[in-house]
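A.B. asks: Chain B: place on chain A using the hints.
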Amino acid sequence: MIRVTRKLEFSAAHFYHNPDLSAEENRRVFGKCNNPHGHGHNYILEVTVAGEPDPKTGMVLDLRELKEIFDREVTQRMDHRHLNYEVPELAGKIPTCEEIATVLWRILEPKIRQGRLDRIRLYESPDLFVDCTADGMKDAR
Amino acid sequence: MRLSLWRRYSFPASHRLFRAEWSAEQNDRIFGKCANPYSHGHNYELEVAVTGPVDPATGMIANLADLDSFVQRKVLDAFDHAYMNEQIPEFRECVPTTENVCRVIFQRLAGFPRAHIEGVRIEETGKNSFEYAAPSNP
Chain A
2 MIRVTRKLEF SAAHFYHNPD LSAEENRRVF GKCNNPHGHG HNYILEVTVA GEPDPKTGMV
62 LDLRELKEIF DREVTQRMDH RHLNYEVPEL AGKIPTCEEI ATVLWRILEP KIRQGRLDRI
122 RLYESPDLFV DCTADGMKDA R
Chain B
1213 MRLSLWRRYS FPASHRLFRA EWSAEQNDRI FGKCANPYSH GHNYELEVAV TGPVDPATGM
1273 IANLADLDSF VQRKVLDAFD HAYMNEQIPE FRECVPTTEN VCRVIFQRLA GFPRAHIEGV
1333 RIEETGKNSF EYAAPSNP
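From first to last, the protein sequence lines are chains A and B. For the first sequence, the numbering used here begins at 2 and goes up steadily by one. For the second sequence, the numbering used here begins at 1213 and goes up steadily by one.
Just so you know, the hints here were simulated from the structure itself, not pulled from any lab data. Fair warning: this is a prediction, and the values are worked out from it, not measured in the lab. Heads up, the beta-carbon is just placed ideally off N, CA and C, and yes, glycines get one too. Treat the hints with care, since some could be wrong.
What the hints assert, rightly or not - The calculated SDA-like cross-link candidates involving lysine to any residue, where the alpha carbons are at most 25 Å apart (straight line), are:
{"no.": "1", "chain 1": "B", "residue 1": "K1339", "chain 2": "A", "residue 2": "T49"}
{"no.": "2", "chain 1": "A", "residue 1": "K8", "chain 2": "B", "residue 2": "N1340"}
{"no.": "3", "chain 1": "A", "residue 1": "K68", "chain 2": "A", "residue 2": "D119"}
{"no.": "4", "chain 1": "A", "residue 1": "K94", "chain 2": "A", "residue 2": "V30"}
{"no.": "5", "chain 1": "B", "residue 1": "K1339", "chain 2": "A", "residue 2": "R120"}
{"no.": "6", "chain 1": "A", "residue 1": "K94", "chain 2": "B", "residue 2": "K1339"}
{"no.": "7", "chain 1": "A", "residue 1": "K8", "chain 2": "A", "residue 2": "Y124"}
{"no.": "8", "chain 1": "A", "residue 1": "K33", "chain 2": "B", "residue 2": "L1288"}
{"no.": "9", "chain 1": "A", "residue 1": "K33", "chain 2": "B", "residue 2": "N1275"}
{"no.": "10", "chain 1": "A", "residue 1": "K33", "chain 2": "B", "residue 2": "D1280"}
{"no.": "11", "chain 1": "B", "residue 1": "K1339", "chain 2": "A", "residue 2": "I3"}
{"no.": "12", "chain 1": "B", "residue 1": "K1286", "chain 2": "A", "residue 2": "L129"}
{"no.": "13", "chain 1": "A", "residue 1": "K112", "chain 2": "B", "residue 2": "R1214"}
{"no.": "14", "chain 1": "A", "residue 1": "K68", "chain 2": "B", "residue 2": "M1213"}
{"no.": "15", "chain 1": "B", "residue 1": "K1339", "chain 2": "B", "residue 2": "D1278"}
What the hints assert, rightly or not - Quick look at which bits of chain B chain A covers, simulated, 3 or more residues with Cβ under 8 Å:
{"no.": "16", "segment": "1213 to 1220"}
{"no.": "17", "segment": "1265 to 1273"}
The shape of chain B in the complex, shown without the other chains:
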């Protein structure tokens, strides 16, 4: 039996999907409405999974206060109400699709000292969700 603890957070943020080296037509063709130059936003729902042994003294894989403050510091302080293309440095190199947002958030959380970050899942809307799992499990 394997145990994972999931915690859910939410943050509104905006983005625009486009590549500067592509023409407007090509951006429109690939990204459609998401290429709108004025950008647009979502209420992102973020789920973070941690795994590890349950500490018998606390009954916990990780203390939620520790996890919450880590996620706040590493992710929410930067992403909440941000325009991701401009304000999240990682997205100077890549398009802020939710696939890439998952990967970037996972990388920001991977150093959590209290437990192993197993993966993240993001709902971009009620219809779209994306998951990123740690490349290998302990």
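Chain A on its own, in the form it takes in the complex:
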């Protein structure tokens, strides 16, 4: 089996606030990320697809098609957006790296038709990132 990884970058704004908590509690739990004016990151997404190379093309998947999926599903949805307000899949959630990666996994996983989605790694910064990996079990949606 071969794993193929392709990267993309998107920039977005967010802040963390849970309306069920008091203002004080929000500040304590989320720190600077609670600033209601928001702040932003250059997110880097690495998408890994696993499979066997097609004997005719030598490719696990068509990378152009993957790039189109990225543009349609990730860039248009999240690039230069405010994640708290503009991404319906994140409505009602705190847009942490964990939640964003989970949303991206659920969006991308059914779109990969050649090979299968093996891992997505989402960097919020060089020192904070999240891995979503297939665990062989049906995802509870």
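C.D. replies: The following block gives chain B in isolation, referenced to the frame of chain A:
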């Protein structure tokens, strides 16, 4: 789908790879330049992976402030700018190769109360990296 949160830290530290019961020649032969009696150092880049359920109230596997202060207390306070052979008690028993540094750091972090420590990865230099995974996953 399985989710892991990775956090990256760095600490400079020094070490010397040698075994006291071996001759100088044998240490040189096995450990090469790393056996230099004056020791040498690296900027170690440490990555720590935690896993567990995402708390819907916070969207987090673990609050980074909790993880950072735990790693600071258990690892960085001791390892940062230290001579590991002398100043990290675990290395009185074993050679501070980065394989062993991974294992020792993992063991120091394994008691993190907020999430399961899944593994650690250390870059000794830009060319060498080592990973230690928890023996079994929950």
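A.B. asks: If any of the earlier hints don't hold here, list their numbers in rising order.
C.D. replies: 6 and 15
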